[in-house]
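With the hints as extra help, turn the sequences into a complete structure.
First residue of the sequence shown? That's 1 in full-length UniProt numbering, and the numbers climb one at a time after it.
Source of the hints: derived by calculation from the structure; they are not laboratory data. Careful: at least some of the hints might be erroneous.
Simulated restraints, written as ranges between beta carbons of each label pair [as the list claims (entries may be wrong)]: (1) Arg198 x His126: 34 to 44 Å; (2) Ser155 x Gln57: 25 to 35 Å; (3) Val215 x Gly93: 44 to 54 Å; (4) Ser75 x His126: 19 to 29 Å; (5) Gly38 x His126: 17 to 27 Å; (6) Gly93 x Ser56: 14 to 24 Å; (7) Gly156 x Ala113: 24 to 34 Å.
We put the beta carbon where it would ideally sit given N, CA and C, even for glycine.
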Amino acid sequence: MVLMTAAPAALVAWRQTDWLADERTAIGEQRELTLIDGTRLALNTQTGVDIVFDASQRLLRLRGGEILVITHPDSLSRPLSVQTEQGIIRALGTRFSVRQEGNDSQVSVFAGAVAIQPVQGGSDLHLSAGQSAHFDRRQVSSPAPLLTGAGEWASGVLRVERMPLNLFVEELNRYRPGWVRCDAQVGQLLISGAFLLRDTDLILSAVSRALPVQVVYRTRYWVSLQARTV
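The structure is reproduced here in structure tokens:
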């Protein structure tokens with residue numbers, strides 16, 4: 001089918017490798033869980049999350065990667081929140097995703113609403129269904145419409161619309177061991193389609209049929225997309 005000074009101790013601890021997380025996925029792996037309160041949690045590729053449930057809270061601490069959360073009513077009326085390095089997302093009866101990458105967190109809301117609070121203060125931003133926003137430790141962007149294909153990774157699909165090929169390759173690299181490189185000569189070609197994530201080689205083959213590019217395998221783990229030669 002056609003994202004030398006001493007670091008503060010807290011920051012160092014946060015950025016420990018995801019294998020220390022309660023739940024984690026490898027490159028290309030996706031998992032679905034049902035938590036003890038009935039909340040459903042999906043982990044995308046290369047994701048680590050800690051699950052902290054106690055008498056007063058339901059907290060999902062996202063170490064890195066991307067999760068999709070479908071909340072469930074709680075008999076103890078405990079709030080459900082997702083914490084990233086950049087801040088807190090409070091669920092307000094909802095279905096939403098959170099992606100943490102580098103110094104930025106991205107939130108997409110598919111049903112209900114959430115409230116976002118950056119770690120270094122500022123006012124909460126409320127997002128409703130059909131909206132997304134990104135934030136760092138200081139501020140939250142203005143709400144924007146959901147991107148094409150947002151959340152479809154949970155169904156094993158990467159859907160894009162007129163995405164530059166270099167950005168598409170960056171996204172594909174999240175799901176594939178090794179490295180796919182896109183030559184600058186073809187990086188601004190636009191690609192659209194829905195691609196099944198279970199086989200990234202088939203995705204590369206589909207790209208070569210849809211665009212004037214060729215896929216060059218130097219090894220299984222080192223692949224280049226180049227302009228097609230006549």
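For each hint, the structure was consulted:
1. Arginine 198 and histidine 126 have their C-beta atoms about 36 Å apart, which keeps the hinted 34 to 44 Å range intact.
2. Serine 155 and glutamine 57 have their C-beta atoms about 30 Å apart, which keeps the hinted 25 to 35 Å range intact.
3. In this structure the supplied range 44 to 54 Å holds for valine 215 paired with glycine 93, their Cβ-Cβ distance being about 45 Å.
4. Range check, serine 75 to histidine 126: about 26 Å between beta-carbon atoms, so the 19 to 29 Å window is met.
5. Distance hint for glycine 38 and histidine 126: a CB-CB separation of about 24 Å, consistent with the stated range 17 to 27 Å.
6. Between glycine 93 and serine 56 the CB atoms are about 19 Å apart, so this pair conforms to the stated range of 14 to 24 Å.
7. Between glycine 156 and alanine 113 the Cβ separation comes to about 27 Å, which falls inside the hinted range of 24 to 34 Å.
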